[in-house]
Amino acid sequence: MKTYRKELWFDIPQRRGFINITPKVTDCLRESRIKEGLLLVNAMHITSSVFINDDESGLHCDFERWLEELAPHEPLTLYQHNRTGEDNGDAHIKRTLMGREVVVAVTNGALDFGPWEQIFYGEFDGRRSKRVLVKIIGE
Amino acid sequence: MKTYRKELWFDIPQRRGFINITPKVTDCLRESRIKEGLLLVNAMHITSSVFINDDESGLHCDFERWLEELAPHEPLTLYQHNRTGEDNGDAHIKRTLMGREVVVAVTNGALDFGPWEQIFYGEFDGRRSKRVLVKIIGE
Amino acid sequence: MKTYRKELWFDIPQRRGFINITPKVTDCLRESRIKEGLLLVNAMHITSSVFINDDESGLHCDFERWLEELAPHEPLTLYQHNRTGEDNGDAHIKRTLMGREVVVAVTNGALDFGPWEQIFYGEFDGRRSKRVLVKIIGE
Numbered sequence: 029m030k031t032y033r034k035e036l037w038f039d040i041p042q043r044r045g046f047i048n049i050t051p052k053v054t055d056c057l058r059e060s061r062i063k064e065g066l067l068l069v070n071a072m073h074i075t076s077s078v079f080i081n082d083d084e085s086g087l088h089c090d091f092e093r094w095l096e097e098l099a100p101h102e103p104l105t106l107y108q109h110n111r112t113g114e115d116n117g118d119a120h121i122k123r124t125l126m127g128r129e130v131v132v133a134v135t136n137g138a139l140d141f142g143p144w145e146q147i148f149y150g151e152f153d154g155r156r157s158k159r160v161l162v163k164i165i166g167e
Numbered sequence: 029m030k031t032y033r034k035e036l037w038f039d040i041p042q043r044r045g046f047i048n049i050t051p052k053v054t055d056c057l058r059e060s061r062i063k064e065g066l067l068l069v070n071a072m073h074i075t076s077s078v079f080i081n082d083d084e085s086g087l088h089c090d091f092e093r094w095l096e097e098l099a100p101h102e103p104l105t106l107y108q109h110n111r112t113g114e115d116n117g118d119a120h121i122k123r124t125l126m127g128r129e130v131v132v133a134v135t136n137g138a139l140d141f142g143p144w145e146q147i148f149y150g151e152f153d154g155r156r157s158k159r160v161l162v163k164i165i166g167e
Numbered sequence: 029m030k031t032y033r034k035e036l037w038f039d040i041p042q043r044r045g046f047i048n049i050t051p052k053v054t055d056c057l058r059e060s061r062i063k064e065g066l067l068l069v070n071a072m073h074i075t076s077s078v079f080i081n082d083d084e085s086g087l088h089c090d091f092e093r094w095l096e097e098l099a100p101h102e103p104l105t106l107y108q109h110n111r112t113g114e115d116n117g118d119a120h121i122k123r124t125l126m127g128r129e130v131v132v133a134v135t136n137g138a139l140d141f142g143p144w145e146q147i148f149y150g151e152f153d154g155r156r157s158k159r160v161l162v163k164i165i166g167e
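Residue numbers (the numbering used here), protein chains in the order written: chain A, 29 to 167; chain B, 29 to 167; chain C, 29 to 167.
These aren't lab readings, by the way, just hints derived from the structure by calculation. Be aware that one or more of the hints could be misleading.
Said to hold, decoys possible - Dumping the calculated DSS-like pairs for lysine-lysine here, alpha-carbon to alpha-carbon at most 25 Å:
| id | chain 1 | residue 1 | chain 2 | residue 2 |
| --- | --- | --- | --- | --- |
| 1 | B | Lys30 | A | Lys63 |
| 2 | B | Lys30 | A | Lys30 |
| 3 | A | Lys52 | A | Lys30 |
| 4 | A | Lys34 | C | Lys30 |
| 5 | C | Lys34 | C | Lys63 |
| 6 | C | Lys158 | A | Lys30 |
| 7 | A | Lys63 | A | Lys52 |
| 8 | C | Lys52 | C | Lys30 |
| 9 | B | Lys158 | B | Lys34 |
| 10 | A | Lys34 | A | Lys52 |
| 11 | C | Lys63 | B | Lys158 |
| 12 | B | Lys30 | C | Lys63 |
| 13 | C | Lys30 | B | Lys30 |
Claimed, not checked - Between beta-carbon pairs, the in silico distance windows are:
| id | chain 1 | residue 1 | chain 2 | residue 2 | range |
| --- | --- | --- | --- | --- | --- |
| 14 | B | Ile47 | C | Leu106 | 21 to 27 Å |
| 15 | A | Arg156 | B | Lys34 | 38 to 44 Å |
| 16 | A | Glu167 | C | Arg159 | 29 to 35 Å |
| 17 | C | Gly86 | A | Ile47 | 43 to 49 Å |
| 18 | A | Ile47 | B | Arg155 | 30 to 36 Å |
What you are looking at is a predicted structure, and each value in this text was computed from that prediction instead of being measured. By construction, the Cβ of each residue, glycine as well, lies at the ideal position given by its N, Cα and C atoms.
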């Protein structure tokens, strides 16, 4: 069994944003030389997400609007978590909705994806460097 | 290490619906002859889900009502994604709520499940053939 | 390839609650002697969750309030599932929001976590013994 590990770093200048990280994950898979197995990609922070969906800017606007409706950033007093001095109570909930991680099948050395699947990093408390972990196991 | 891969196809005649796919996944596991490992089941489309819950029709009605409340299909203009000519903006969000994938432990050649766990395919933009991927790794 | 399996039992005296199970999962990993691989932790029941977030009590209150807003326990008649004689229709949906499982990378014999990641058991229909499964595969 072979294993591979890499951290990817992202620094989104706004509070929130989405980045298509599929090319970077594909680079990791190539570097690992693993042909058959499972690939885990997870946010290492608890106010950001890794998820799979469509690379379409309208959809990303829809996600942004919808997340703000279900877990608005303000008023800050809505969140008991913000009494700790943080202002990211909403970000913990937004990340919960979008998910921490994805597990992807590796087949013939490639991400075994349907036609529109793309991997995204979702940031909900940005303006600083944060990490994503890629772990691959297989042969 | 052994690996196994299979695509399962589904064609739900309505826009939305749930199918218990546990028997089909169990068939895959038997065919793989893998006794110990991990099994991934994921939707290969971004408007459908794979999730684990109860096989109870009242609950499925509750999911349907709840998903329509949180991400209604109409008005179509609610979703910027629909400006691309699609009418499935809601389906992308519904699938996000229900999840893309499940990872299940394989123990003694069986799905290592609690008493009520069943695997479902959740369709949110049906009326066409769509795929689910089963990938198993282990020994 | 090595594999490891253990069930963890929890009995939360209230209907709902969160428990940090990271120490118990860390014990499992040590016992497994697996140094590199993937670790799955999942609820074996369909009215409870396993998720990763911050160990901060204010945040847990925020989760509780938010889940009650999105899927209130009452009125019981809101859920067709409750016509079966159950009163846990809300718990099935709350568990869907918080997630069934997490997959964690194992690196150098440790949970490969960011600085604040902790694993929680989320109970939404407690007052009885319920199980979590830990399955580890690797070397």
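Outcome of the hint check:
no., hint, in the structure
1, B:Lys30 to A:Lys63, "holds (12 Å)"
2, B:Lys30 to A:Lys30, "holds (13 Å)"
3, A:Lys52 to A:Lys30, "holds (20 Å)"
4, A:Lys34 to C:Lys30, "holds (23 Å)"
5, C:Lys34 to C:Lys63, "holds (17 Å)"
6, C:Lys158 to A:Lys30, "violated (35 Å)"
7, A:Lys63 to A:Lys52, "holds (17 Å)"
8, C:Lys52 to C:Lys30, "holds (20 Å)"
9, B:Lys158 to B:Lys34, "holds (14 Å)"
10, A:Lys34 to A:Lys52, "holds (10 Å)"
11, C:Lys63 to B:Lys158, "violated (38 Å)"
12, B:Lys30 to C:Lys63, "holds (20 Å)"
13, C:Lys30 to B:Lys30, "holds (13 Å)"
14, B:Ile47 to C:Leu106: 21 to 27 Å, "holds (25 Å)"
15, A:Arg156 to B:Lys34: 38 to 44 Å, "holds (43 Å)"
16, A:Glu167 to C:Arg159: 29 to 35 Å, "holds (32 Å)"
17, C:Gly86 to A:Ile47: 43 to 49 Å, "violated (29 Å)"
18, A:Ile47 to B:Arg155: 30 to 36 Å, "holds (33 Å)"
Checked against the numbered hints given earlier, the structure breaks hints 6, 11 and 17 and satisfies all the rest.
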